Each structure stands twice: as C-alpha cells, then as structure tokens.
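**Student:** Each chain, letter by letter, is given below.
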Amino acid sequence: MTPKYSLGIDLGTSNSAVALTDLESDETEVVDVTQILGPNKIGEKPTLPSALYIPHPDEFPREACALPWAKDRDIEAVVGSFARDHGALVPDRLITSAKSWLSNPHIDPRQPVLPWKSSIKEAKLSAFECSRFYLEHLREGILYAEHREGRDWQIPECQVVLTVPASFDEVARTLTAEAAAAAGLGKVTLLEEPLAAFYAWTAQAGREWRSQVRPGDIVLVCDVGGGTADFSLIAVADREGDLELERISVGEHILLGGDNMDLALAYTLQAALEAEGKSIDHWQFLALVHAASKAKVTMLEDGAIAEAPIALPSRGSSLLAGTVSTKLDRATLEQVVLEGFFPLTAASDLPKEARRSGLQEFGLPYAADPVVSKHLARFLHRSLGNVQASEALSRLVGDKAQSAELLMPTAVLFNGGVFRAEPIRRRILDLLTSWNEEHPVRELEGFQPDLAVAKGASLYGRNRATGKGLRIKAGAARSYYIGLETSMPAVPGFKPRVKALCVVPQGMEEGSDLLIEGQEFGLITGQPTDFRFFSSEVRSGDTAGQILPDAESALEETSLLEVDLPSLDGFPPGEAVPVQINATVTELGTLELWMKHTKSDRRWKVEFRVRTE
Amino acid sequence: MRIVSILAAVVLVALTALALVPEVSAYHWELSVAAVAVAVVVLLALLASRSGTVETSAQAAAPAAAESAAFPEVANRADAEVVSFLATFQERGRLVDFLMDDITPYADAQVGAAARVVHEGCKAALAEHFGIRPVRDEREGARVEVPAGFAADDYRLTGAISGEAPFTGTLVHRGWRAEWVKLPRALKAADDRLPTIAPAEVDLK
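Chain order of the listed sequences is A and B.
Just so we're aligned: 577 in the numbering used here is position 577 of the first sequence, and the numbers increase by one with no gaps anywhere.
Convert by adding 1000 to the 1-based position in the second sequence; the result is the number in the numbering used here.
Be aware that one or more of the hints could be misleading.
Stated by the list, open to error - Calculated cross-link-like contacts (lysine-lysine; reagent style BS3-like; alpha-carbon spacing at most 27 angstroms):
1) A:117 to B:1205
2) B:1182 to A:327
3) B:1188 to A:294
4) A:71 to A:117
5) B:1123 to A:124
6) B:1123 to A:71
7) B:1205 to A:278
8) B:1188 to A:45
9) B:1182 to A:294
10) A:45 to B:1123
11) A:71 to B:1182
As the list claims (entries may be wrong) - From the derived model, a few chain A residues whose C-beta atoms are all more than 12 angstroms from chain B:
12) 44
13) 65
14) 100
15) 148
16) 264
17) 270
As the list claims (entries may be wrong) - With beta-carbon atoms standing in for the labels, derived distance ranges:
18) B:1145 to A:305: 58 to 64 angstroms
19) A:440 to B:1156: 23 to 29 angstroms
20) B:1159 to A:69: 40 to 46 angstroms
21) B:1156 to A:468: 55 to 61 angstroms
22) B:1201 to A:437: 41 to 47 angstroms
23) A:468 to B:1166: 39 to 45 angstroms
24) A:302 to B:1145: 22 to 28 angstroms
25) B:1124 to A:403: 35 to 41 angstroms
26) A:181 to B:1176: 57 to 63 angstroms
27) B:1153 to A:321: 38 to 44 angstroms
28) B:1169 to A:275: 52 to 58 angstroms
29) B:1124 to A:546: 32 to 38 angstroms
None of these hints come from the bench; they were simulated from the model.
Remember, it's a predicted structure, so these values are computed and weren't measured experimentally.
Glycine is no exception: its CB is placed at the ideal position from the N, C-alpha and C atoms.
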C-alpha cells in the first residue's frame, strides 16, 4: 500500500516526540501526545518525557492512571510527564535513560534489571521493555490525541521512521527496531539522529540551504541534548553540478548533556546557600536544579541580565515562612557552564579516561570527563583516523581538512536544547576556529531548537516514500567483524589471539547484500554455535573478507552471535555443514547476518546476543 | 459552586486591595498575575454554575465520548473541575498555600520571595492552559477607538458615555482575553466528594 503519511518518531533519552507529514499537502507538524499529567488527570503535550514509573499497588486508585486506550489493562507502569515529576521524589520506582541502557555493553538489554539497584517488590523491566512501553504509548497517545482533534489515520497508512543515536551499534539498532515492531509500529526505517537534524535544517532553510553549503564543505552536526552528546560529520561534494552529501563519520555514545550543566549549577548554588547557613532538602534541591536550568536559559539568551533571582519554596504549606531565596549571577554561570563544559582547550587535549577500579559496578557508563570540548576533539581525532584509513574517503574530504591533527569541519549545524543559548554556540565556533589556525568555522543558519529530530525523521520518510528530495548517503556507520579463534598449541598464561574477519565494511549501503567468499565455517546441526562479534567506527578502509590479526586490540567487542541449525535432511547429526557468511543491510537500515550453505541456497539467520558478565 | 465563586471573589478583592498597599508595590506584577489567576477561577466558577452540566458535556463531546462512556458523568462534575483547576495553580504555583498563609508577620523580602514562586508557577500554568492576549495591543494611556458593534464583554466604558459608537477615549487597561483553553481532563468521574486541592504529603523512610 502506498503510504499517505510519513511519521517521524524521535525516541529520545529524556524526551520523545512525533512529527507527521501529510504526503498529499506536504505539511509537517509535531503531533501532541496524550499522557497522564497527574493522578486522575490527563492531557496532551508535544513531547512525552521518556520516564517510566512503577507505582505501588496502593499508591493510586486504578482508574486514576488508566489510559483511555488501556482501561482494562493492569497498571504496570505510568509513562510521561507525571512519571517523571512524581518519580523524581520516589527514585526507587523511576526508570529514566532507558535508551542508554540499550547500548550498555555490560548489561543484557532484555534482562529485567530496571529501575537499576532498586529494591521494589513489583516486577522490574528491561531496557528493551521500556523502549517498547514508550513506543506503544507514543503510538496510542498520538492516535488518541489526533482522534480528539477530529483527525483519524492509522499506522498502516504511514511510512514510519524511527531515529537512533549515530553512536548506536548494530545490537542497539536491532533492539530498537524490534521494540517498535512489538509496540505495533510494524517495520520501521531507522535514521541516525544527526542526519534527521540535517534533513530538518534543509526543510527549514528551504531553497536557501543549497546556497549555505558548497562542495568541499565538511559539516559537523553537533547535537547535545539533555543527557547525551552525539556528533557526526557530513561531507559535501559536487556530482555533475548537483550537491551530494555523505555522512563520513559518527561519534561514540557520550552520556553528557544539558542535565549535567543544570546539576553543576545547582551544586554550586547549594554550596553558596550552605555557606550562608541555609540548608535545603532533597525536594528543594530538585526545585533548585529546575530553577537553575531556567535561569541559565534566560541569562544565556539575554546578555543584559546580570543576575537571576531564584526562590525555593519549602515543601510544607507555609510558603511565606519557608521560601529560601538566592540568585545566579553571570560570573558563576559563565564559570560553571562555559568554562566548565566548553572551555577553549587545545586540539590535543583529550578527555580523561575513567579510572576503573577492580570491582567496577556496571551502572550507566557516564562520561568521566565533563568537558564537551575535549570529547569533540576526540571525535575529530578519530574521524581523521577513519577518513585516512580509506583512499576514497580521504579523496572526498580533501587535503585541507586533513592538514591538522584532527579532521577540521568547515561549518557546524547545531541541534539540541543546550544550543538554544547563543553564547554556547559561539563558544563551539570559537573553539573550532582556534583549532583551525584561526580560520573561522561558520554556523549553518536556521538553528531550530524544537523537535528538529522528529520533524527531520518525518521529512526523511517523505523523501523515501515519494522518491524525491535529498538523500544523504550514509550506509553502515561502522564496520563489523567475526572473531576467528586461531589454532595454536596451548601455552599456560598465554591467551591465543583472536583474528577478525570483516563481514560488513563501513558505508555498506542499505538494500545491499554481500557473500564473504574464501572463508568457510563448519556448523554442526542440532547444536547452537557462538561467534564473537566486533565493530569499529574508525576503520573505513577495511573490505569484506579482510582478516585483521588481532581483534581484541583493534576493535570493540559488540556482542555474541548465535546460530542454531536444526537437524537437516541430508546431513547426519554431528556432521559439520560448510557455510559462508552472507551479510545484508536491509532497506530499513538494519543489519542481518546469515550463514549460507556453500553448496545450496539454504541459509540460517544469525542472532545477536548481548554478552553478559 | 456558588461557594467557590464567592470565596474566589473574596480572594480577588483581597489581592487587588493588597496591590494598593504602597509597601508591596515592588510586587505589583506578581500580585496582578495572581489577581488575574483568581479572576479566571471566578469566571470559570460563574460559567460552570450558569451552564451546569451542559457546558461540560458539550466540551467533552464527540471524540472524547470514549472516555465518558466508561466513566459516566455525574452532577457535580463542574464543581470538581473548578477544584482540579485550582489544584493546578496550587501544584504549579502554590497559589492556595500563598493565599491561606497569614501574610502580616512577614517582611517584604520574604513576601517577595514567596511571590516569585507563585508568579513563576502560576504564569507557567496560565501559559500552558490558556492562550491569553490583551484585548487591545496599544500601550495604556494611548487614544483608542472603540469600534461600532463592539462586543460588550470586551470593553468597559467609563466617564462620559454619550452618542453612538465608534467611541474614542484613553486606554486605561488593555484588557485580557483567552483565545483558547486547554485544560487537563479528569480520568474518573467525581464521586460524592470534591477532588483534593493538594494531597497531604508523607515521606516514607
């Protein structure tokens, strides 16, 4: 069926949003989401906070939190505004940042371990289940809100595009797509968030956008949201007089964002209050974080404001007696936010690695170094390495961008709430300029702070459905490898090296298929076989079938692969079946690995399994 | 419902009177916003008592029928809605705490700090639930024309009223009107008691 709408879903770490493009009228709008706003209170908001609250059975009457589309179901969890606000005071029952748990290499995203380290008696949830909950709520919540407004459409009429961080590896991407299917969204197309921001920008700038970029440009998409920082580079080239765009590098998953800045401000203000002999409780501290965040935005948007007053009510009913007042002054703000997170560091100044103690607890891998400038330097260093690994990419990017110790962008597209503040955008540009021997790096004009990713996803869906409009060449963001155990005599205290066979080269395009010739594996029928699976975002030069001598030092281990061959006609049990690896990147942007029988067309799908330690 | 209107009207009078006290002139803006908020409560209470259940059933019409089918409406729903609305201002801007407190013993600085809490929260709630615009965009003090056929509730004419519209005069107050209202809805029908304005909070260790 030809779709009538394109639905773009931004499943964010802290907030989610949905945009809808009507393919006939070509209009894109953010769609409100119906959600619980308080006990016995329901309404619509343009975003759904990605927060999930597991209520105590006696906490609320059942009908006070029952969604109109799920009246008969048990209340297992509450999602959205109320979950976030109420959960802040009952942290044991609140799940946030579930998305970052999806890409946590140490915890199986299908294991019910959230809320992390909580001792509640109710059933816990897995990161996968949380994502499914959010997506299901988004699906039902937008259909309900639209229905109330007299607009009726159904998911099967839509081309659905779901965004994921560029830093997500294949396991996290596959889990997200599966969660969407389980939430009733069908087969969704995946799109990297920075690319979605770029599509939104081209629509916002209209025909103008082509005059803002030129061949030879390297655009840094710099996306710092509430909880995460995500970077990508897009190269602009000339192809027979037309602009061609290609995403050439993606960053790592960095858990650092605006929330860290608000917390830092709140701690500073709390320390000042304590120095005056005024102590505040946890509830007031939460109010302080919120107030500091608002003051930060107001002051960074208007340079004329020297200080912002902050009043913190006490929790008791006497507002007049209990309110504590303080203020945020400009010097403190600049010291904490600009100098703390975005200082003008040198290009060679990279983030401090976290010191790992022997008995590490596997929570979320928060960035150990809060300095965004250094994370950006690291990204541009790695990008240079990635580009230089392949001749084609190196040629595309040109010598000038590679002349420094990092890959130098020529323009920046900002995204994320943090960059609402012009001084922070200017600081990033100044930082890049200082790394570029004082040659200015420009900002692509038309920054839209609100829900650009959802809108961009919906516009991308439109382009896919109609076959018209811009497509940024992307393909697989990483290369993928299967570990090959080397056969050698056992030596005590010496672990044999694991070689790596490249099965998916970086940039492998959507809708393409590869058979790795020359490397056969023997699979035994009737018993599952495991392979180790590795990836890298900085080895653009590796080709399919290439073998690297030492997987563990050159690559990151992603997951385990498991393939289970049923008993087959023609193969006696216990006998090895010769297979080759067959990799497919689907039209929807997910990676599939198959084991193909060398002598027939039969093939068996390989499943990703997260390593658990 | 009449009781809610009377109570709110009394509060409104108190707030307006407070605005006249010279010592609190520094918080004039905060008080005005609080006064507008309470005035809205009065307005809603009046509307609710005038049109009773007709108003709410019209509002909850067609698409929301799914909700009301499972939770049938009962007579005091309008009262319940006004109380939940008050609860919103309490939750966001501590309005009821502010008004129920005795203001006499506190210094202006302390009243000011509390007024900031009320102002910030109630303003955010107001902006979220009402599209509020001035009736006239001109600056106060300007000469304005009141067109012929003006809506009587948009204007209050004072001074020497004679002849026929259009009238010309000095704009004393810009006026406010709500262009849209977007209130949260209740999920379950009110039972025989009114909803709570603010729950008692108990912290469990």
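**Student:** Which hints, by number, does the structure contradict?
**Tutor:** 2, 3, 4, 5, 6, 12, 13, 15, 18, 19, 20, 22, 23, 24, 25, 26, 29
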